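S.K.: Assemble the complex: chain A is given as a structure, and chain B must be docked to it using the hints.
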Amino acid sequence: MLSEICEGKSLPQVVKHITQEKINLYAEASGDFNPIHVDESFAAGTPLGGTIAHGMLILAYVSEMMALAFGQSWLSGGRLSARFKTPARPGDTVTVSGKIDSIEYKNGISYANCSLECCNQKEEIIVVGGAVVRIPSSKR
Amino acid sequence: MSEKVRNKAMISYEELIPGYEFPPASYELSASLISKYLEAVDCADELKVFGGFVPPLAIGSYAMAAMAESLSLPPGTIHASQEFEFFKLVPIGATINCQAKVARKLARATMHMLVLELDVLDQNRERVQLGKATIVLPV
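Respectively, the protein sequence lines represent chains A and B. Each residue of the first sequence is one higher than the one before, counting from 1 in our numbering. Each residue of the second sequence is one higher than the one before, counting from 141 in our numbering.
Same shape as in the complex, but just chain A (with noise of 0.2 Å):
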């Protein structure tokens, strides 16, 4: 977890290596084989031109981030709000990272407001989004 939650504070980065054999892992686990996923040769024949990663795939390397930089305070009471900007590809290397914009008290409870971006080796954004955490009463 982080060991200081204050404005401007950078989320722990996660970075992850795109492979078809880990896209394919996931789609066996999610039971999500749409071919645009799964399929080389239909996906090929798509205006994407190949086989691209699940959206949700890529949300799972946000939420470990936010796991591992607010505990369980992400499990139980965090909002996430995603775009996905551009496919993310066999061959990429995603990474995840985010800041803590501003933080907000309400009803007595404190929130992190954060900003997350996810992107490849290009630089090119593949998601962009923010999230909302609850604070852990320790770290307030």
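Hints are supplied without guarantee of correctness; some may be wrong.
Computed Cβ-Cβ distance ranges for the label pairs, DEER-style [said to hold, decoys possible]:
id, chain 1, residue 1, chain 2, residue 2, range
1, B, Ser152, A, Lys122, 21 to 27 Å
2, B, Lys228, A, Gly108, 16 to 22 Å
3, B, Pro231, A, Met1, 19 to 25 Å
4, A, Ala44, B, Gly192, 37 to 43 Å
5, A, Val15, B, Ala149, 41 to 47 Å
6, A, Gly108, B, Pro215, 48 to 54 Å
7, B, Ser152, A, Leu48, 37 to 43 Å
8, B, Ala149, A, Phe42, 22 to 28 Å
9, B, Glu168, A, Phe33, 32 to 38 Å
10, A, Gly49, B, Ala220, 15 to 21 Å
11, A, Gly8, B, Lys272, 26 to 32 Å
12, B, Pro164, A, Ser81, 24 to 30 Å
Bear in mind the hints are in silico, worked out from the structure with no lab data behind them. Because the structure is a prediction, the values reported are computed rather than measured. All C-beta atoms in this analysis are idealised placements derived from N, C-alpha and C, irrespective of residue type, glycine included.
M.R.: What follows is chain B alone, placed relative to chain A:
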């Protein structure tokens, strides 16, 4: 996925209308299911990251998969945006009940879009998670 969410009648995009509620689905977040999920999302240290609880995105994934079991979408459908709100810790082995409905349906000349809302409850009927997925379908 449990057998409970299989063998449902399928509904197509054309048949969907805003307000349509998918058949509710329930499933057990067994240790083997979560282990498979954690391996798939490349989580190196699940205890450090999730403290032995079910990762919330695993719940979201299985809720969406449960809904997709009764939804026939064209190949090439992609995810445009996603929202989640998490309400409580879920222990491994818990049984989850998922309800999903169509919030919006947009048809344009160049694209079709669906906004789907998810509501996930635990076995005590307490809310675990809310979700909203926007998906884009090829025309």
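S.K.: None of the hints should be skipped; say for each whether it holds.
M.R.: Evaluated hints:
For the hinted restraint 21 to 27 Å between serine 152(B) and lysine 122(A), the CB-CB distance of approximately 37 Å leaves it violated. Checking the proposed 16 to 22 Å range against lysine 228(B) and glycine 108(A) shows it holds: the Cβ atoms sit about 20 Å from each other. In this structure the hint that proline 231(B) and methionine 1(A) lie 19 to 25 Å apart at CB holds, the actual value being about 20 Å. Checked against the hint of 37 to 43 Å, the pair alanine 44(A) and glycine 192(B) passes, with Cβ atoms roughly 41 Å apart.
One distance hint, 41 to 47 Å for the beta-carbon pair valine 15(A) and alanine 149(B), holds here, with the actual separation near 43 Å. Distance hint for glycine 108(A) and proline 215(B): a CB-CB separation of about 50 Å, consistent with the stated range 48 to 54 Å. For serine 152(B) paired with leucine 48(A), a C-beta distance near 23 Å fails the hint of 37 to 43 Å. The hint said 22 to 28 Å for the Cβ distance between alanine 149(B) and phenylalanine 42(A), and at roughly 26 Å that hint holds.
Taken as a hint, the range 32 to 38 Å is violated for the pair glutamate 168(B) and phenylalanine 33(A), whose Cβ atoms sit roughly 21 Å apart. A hinted range of 15 to 21 Å for the beta carbons of glycine 49(A) and alanine 220(B) is consistent with their spacing of about 18 Å. Our hint of 26 to 32 Å for glycine 8(A) and lysine 272(B) holds, since their Cβ atoms are close to 29 Å apart. Between proline 164(B) and serine 81(A) the Cβ separation comes to about 25 Å, which falls inside the hinted range of 24 to 30 Å.
In the structure shown, a violation is registered for the earlier hints numbered 1, 7 and 9, in ascending order.
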